[in-house]
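Peer 1: Listed below are the residues making up each chain.
Number of protein chains: 2
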Amino acid sequence: MDKADVLVVGGGPAAVIAALTAKSNNPGKEVTMLRNYEDTPIPCGIPYVFGTLEEVKQNFMPDMPLEKAKIPVKVGQAASIDREKKICKTEAGDEIQYDRLIIATGSNVIIPKWLEGANLEGVYTIEKNNKKIAETKEALAKVKKVVVIGGGFIGVECADELNKAGKDVTIVEVLPHILSLAFDDEIAERAENTLKERGVKVAAGSGVKKITGDKKATGVVLNDGTALEADAVVLAMGYRPNSDIAKDAGLKLNDKGFIKVDEYMRTSDDSIFAAGDCAGKKDFNTKKLSMIMLASTATTEARIAGINVFNINPSFKNEGTLAVFATALGNKAYGVAGITEAAAKKEGIDIVTGCFEDVDRHPGKLPGASPLLVKLIVSKQEGVVIGGSVCGGPSVGEIVNIMGFMIQNKMNVKSIFTAQIGTHPLLTTAPTKYPLVKAAEIIVKSMKS
Amino acid sequence: MDKADVLVVGGGPAAVIAALTAKSNNPGKEVTMLRNYEDTPIPCGIPYVFGTLEEVKQNFMPDMPLEKAKIPVKVGQAASIDREKKICKTEAGDEIQYDRLIIATGSNVIIPKWLEGANLEGVYTIEKNNKKIAETKEALAKVKKVVVIGGGFIGVECADELNKAGKDVTIVEVLPHILSLAFDDEIAERAENTLKERGVKVAAGSGVKKITGDKKATGVVLNDGTALEADAVVLAMGYRPNSDIAKDAGLKLNDKGFIKVDEYMRTSDDSIFAAGDCAGKKDFNTKKLSMIMLASTATTEARIAGINVFNINPSFKNEGTLAVFATALGNKAYGVAGITEAAAKKEGIDIVTGCFEDVDRHPGKLPGASPLLVKLIVSKQEGVVIGGSVCGGPSVGEIVNIMGFMIQNKMNVKSIFTAQIGTHPLLTTAPTKYPLVKAAEIIVKSMKS
Numbered sequence: 001m002d003k004a005d006v007l008v009v010g011g012g013p014a015a016v017i018a019a020l021t022a023k024s025n026n027p028g029k030e031v032t033m034l035r036n037y038e039d040t041p042i043p044c045g046i047p048y049v050f051g052t053l054e055e056v057k058q059n060f061m062p063d064m065p066l067e068k069a070k071i072p073v074k075v076g077q078a079a080s081i082d083r084e085k086k087i088c089k090t091e092a093g094d095e096i097q098y099d100r101l102i103i104a105t106g107s108n109v110i111i112p113k114w115l116e117g118a119n120l121e122g123v124y125t126i127e128k129n130n131k132k133i134a135e136t137k138e139a140l141a142k143v144k145k146v147v148v149i150g151g152g153f154i155g156v157e158c159a160d161e162l163n164k165a166g167k168d169v170t171i172v173e174v175l176p177h178i179l180s181l182a183f184d185d186e187i188a189e190r191a192e193n194t195l196k197e198r199g200v201k202v203a204a205g206s207g208v209k210k211i212t213g214d215k216k217a218t219g220v221v222l223n224d225g226t227a228l229e230a231d232a233v234v235l236a237m238g239y240r241p242n243s244d245i246a247k248d249a250g251l252k253l254n255d256k257g258f259i260k261v262d263e264y265m266r267t268s269d270d271s272i273f274a275a276g277d278c279a280g281k282k283d284f285n286t287k288k289l290s291m292i293m294l295a296s297t298a299t300t301e302a303r304i305a306g307i308n309v310f311n312i313n314p315s316f317k318n319e320g321t322l323a324v325f326a327t328a329l330g331n332k333a334y335g336v337a338g339i340t341e342a343a344a345k346k347e348g349i350d351i352v353t354g355c356f357e358d359v360d361r362h363p364g365k366l367p368g369a370s371p372l373l374v375k376l377i378v379s380k381q382e383g384v385v386i387g388g389s390v391c392g393g394p395s396v397g398e399i400v401n402i403m404g405f406m407i408q409n410k411m412n413v414k415s416i417f418t419a420q421i422g423t424h425p426l427l428t429t430a431p432t433k434y435p436l437v438k439a440a441e442i443i444v445k446s447m448k449s
Numbered sequence: 001m002d003k004a005d006v007l008v009v010g011g012g013p014a015a016v017i018a019a020l021t022a023k024s025n026n027p028g029k030e031v032t033m034l035r036n037y038e039d040t041p042i043p044c045g046i047p048y049v050f051g052t053l054e055e056v057k058q059n060f061m062p063d064m065p066l067e068k069a070k071i072p073v074k075v076g077q078a079a080s081i082d083r084e085k086k087i088c089k090t091e092a093g094d095e096i097q098y099d100r101l102i103i104a105t106g107s108n109v110i111i112p113k114w115l116e117g118a119n120l121e122g123v124y125t126i127e128k129n130n131k132k133i134a135e136t137k138e139a140l141a142k143v144k145k146v147v148v149i150g151g152g153f154i155g156v157e158c159a160d161e162l163n164k165a166g167k168d169v170t171i172v173e174v175l176p177h178i179l180s181l182a183f184d185d186e187i188a189e190r191a192e193n194t195l196k197e198r199g200v201k202v203a204a205g206s207g208v209k210k211i212t213g214d215k216k217a218t219g220v221v222l223n224d225g226t227a228l229e230a231d232a233v234v235l236a237m238g239y240r241p242n243s244d245i246a247k248d249a250g251l252k253l254n255d256k257g258f259i260k261v262d263e264y265m266r267t268s269d270d271s272i273f274a275a276g277d278c279a280g281k282k283d284f285n286t287k288k289l290s291m292i293m294l295a296s297t298a299t300t301e302a303r304i305a306g307i308n309v310f311n312i313n314p315s316f317k318n319e320g321t322l323a324v325f326a327t328a329l330g331n332k333a334y335g336v337a338g339i340t341e342a343a344a345k346k347e348g349i350d351i352v353t354g355c356f357e358d359v360d361r362h363p364g365k366l367p368g369a370s371p372l373l374v375k376l377i378v379s380k381q382e383g384v385v386i387g388g389s390v391c392g393g394p395s396v397g398e399i400v401n402i403m404g405f406m407i408q409n410k411m412n413v414k415s416i417f418t419a420q421i422g423t424h425p426l427l428t429t430a431p432t433k434y435p436l437v438k439a440a441e442i443i444v445k446s447m448k449s
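Quick note, the sequences are listed as chains A and B, same order. Quick note, the first sequence lines up with residues 1 to 449 if you use my numbering. Quick note, the second sequence lines up with residues 1 to 449 if you use my numbering.
Where hints are given, some of them may not hold.
Stated by the list, open to error - Here are the simulated lysine-lysine pairs, DSS-like style, with alpha carbons at most 30 Å apart:
| no. | chain 1 | residue 1 | chain 2 | residue 2 |
| --- | --- | --- | --- | --- |
| 1 | B | K317 | B | K68 |
| 2 | A | K131 | B | K433 |
| 3 | A | K68 | B | K445 |
| 4 | B | K433 | A | K317 |
| 5 | A | K29 | B | K380 |
| 6 | B | K445 | A | K70 |
| 7 | A | K414 | B | K410 |
| 8 | A | K410 | B | K287 |
Don't read these hints as lab results, they were simulated from the structure.
Kindly generate the complete structure, drawing on both the sequences and the hints.
Peer 2: Structure follows, in structure tokens:
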């Protein structure tokens, strides 16, 4: 029987980082990875396989860091866990004995049972499996009209990439706007307009009733009766945690079906940790269960699991999911961190918001300048930043990280008003109108009055 | 006699922000600006007038915010301050009575007395004066060979822009590398190599002895004997605080010649504040006097002066100059925040550093990907981030601001290791190798052992 001091089940970003962190902090221990496939895609890169990248291979997650750290990879589907004997069994019947187990089995695509036609030929899902991705890429290359169902990040990015690849694309979203779960309306509307300007048709506000076709999908019918023709349909209706193996082993799940973990990412069995999409999350601000599935969140959890796997370190705890993320449509980008205004109001949090818009170069006549809108959300009583969103050019990707650090540090909006920022004509807005500072100024002023 | 509740002397970013902030927080008060010229340049944009921008006008600081806030602008050179009578006199003999005065007179270009030939025709300085900038632009348009003396930010940016405009440019720096005061060697060397690749010749390590020529400059001779031909010479040897009017009024200056101010930006006279290049600065980390002159620092000081001008607010204090800045050479950018490794060692601070390099997209095959190097500097005993530097693509401009927030918040490196960051294929590195987190990981590990 194979043995490992630490067995990591899974192959995605959480699995890789959990394995690397466990090994790096315990160089004398054997850390082994058990994953389903020979190779793993970079999950966030998958949509870009359908337009920008030429080959699926360009989106493979490199194994080099694992090789360098001397972490062996076994390929096989984990089938069951015997917690008493500390053994993980694969579907092929292999057994691996572990001292510590880290479950990073990720998430599986949702195909709603109620959706008529979901199993027709020509209906594709975005799975974290290179072989499937390659098949989907090949199939979509041959069609013209594509309907993407689901206006979340994956759906929007796939729609935009397929449009870039020359397809006639319509995206269907049940909410009034695409990306409505992530962004407040004013940002979601901007993203939606950009997507439309780029040539993607948006059918929002009604939702899908069924996929039509005999053997092969030929169209989509919406709840409002609209019929859309389609040579292919892409389902992007979300993912659910892949927690079955944990449940079967008697580990506790939370009310959303994720593996229950504590702040150290320990499951209800002290020898077993979980990280990534399969692991339970609480929102940083509301402390309610969160269903956020992001590679970035997953890697943070994996670092915490990896560093605590043999010795609990009170310095390395998970204080809750911030949910920092961004997406890009051509040269325009949209990001959000922490709570949105809509979510804060729904939670009954007393907030003040401040928005400021400018250009991301100074003077604005410099080439590459793009409008930049920033919104900060602050708890009214304390003046603490609890959320933010931004839309602009590529600098959005790091501005949203600034917001993340503000929220994580529970920064007071007053200290942002007098924060020392760095600016450069070709890289940022002017120091006189740096938008995070200006948004803070608006909030400080409205809190005074 | 004219009267103003708040008189702001100066026209640059500090003056504008001080005036706007004072007015915004005291809407009932009259705030007046007294500045030397009809129009003011965006100071950080000046180098870009010589290459990227077509007209000097494109770099004018807009007066619209002042107009909107109903802040009248008087044009005139402030000549003296009568502190007893609370009157500011202009060179033209006008008098303005003030209740509060904010001095934001900026800095003047340094022309070293020892530099032979500095007064020859064809020798130009970079002054914050649109008329002078226009004259210099016009004159430089007619020449071929330009020697830029001084390898700080202004010198480097002017050299790069003049090169872009088709000139044959050599930059002279007395230190071993350009930008050596700002960056540790490994970053300064990269910037220097980029500048060379772009076609600028670099003569570093010797320094200028004299400018040659009869009536007109024809060349530059270095201390090591090297003779450089020149049709024009640009002096970029730094700036000194324009504090004469304060000194003449009996206000205290600090040992570096800046106007002495407290944490609220109050001078030695409680009715008079100072902000920007003319105002004294202490380094955030070392608490020693700093000579940093940055528009971004200036605007922070101006916000603090403006909000405290009538009522001191203990929430809005200047805790010292972080010095967050960045520059760009084509698609490459370089940034620094807080202390450098060299400066920390010189100060005797016990530090640990962590460097990590990757690409700023994921997968790295995506278009626009650029290498990205991050370095964090942490105080060894406490684990607190006190400095950082970064070189990479345009995202450097905001990554350096993340570092600034880390330093300002005295973040522990452990919390950066488990920070929740947001990533996107087209905007950032991968979540598995986000460089700030990876640099923190290296430091956390080295602090453990």
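Peer 1: Would you mind confirming whether the straight-line C-alpha gap from A:K410 to B:K287 stays at or under 30 Å?
Peer 2: holds (25 Å)
Peer 1: Are the Cα positions of B:K433 and A:K317 separated by 30 Å at most?
Peer 2: holds (20 Å)
Peer 1: Between A:K414 and B:K410, is the straight-line Cα distance small enough, at 30 Å or below?
Peer 2: holds (16 Å)
Peer 1: A:K131 and B:K433 were given as a pair; does the straight-line alpha-carbon distance stay at or below 30 Å?
Peer 2: The given pair, whose Cα atoms are some 25 Å apart, holds under the 30 Å limit.
Peer 1: Would the hint linking B:K445 and A:K70 be met if the CA-CA limit is 30 Å?
Peer 2: Roughly 18 Å separates the two Cα atoms, so the pair holds.
Peer 1: Is B:K317 close enough to B:K68, meaning Cα to Cα at most 30 Å?
Peer 2: holds (27 Å)
Peer 1: Within a Cα-Cα threshold of 30 Å, do A:K68 and B:K445 meet the stated pairing?
Peer 2: Holds, at roughly 17 Å.
Peer 1: A:K29 and B:K380: Cα distance at most 30 Å?
Peer 2: Answer holds: A:K29 to B:K380 is near 28 Å, not above 30 Å.
No hint from the list above goes unmet by this structure.
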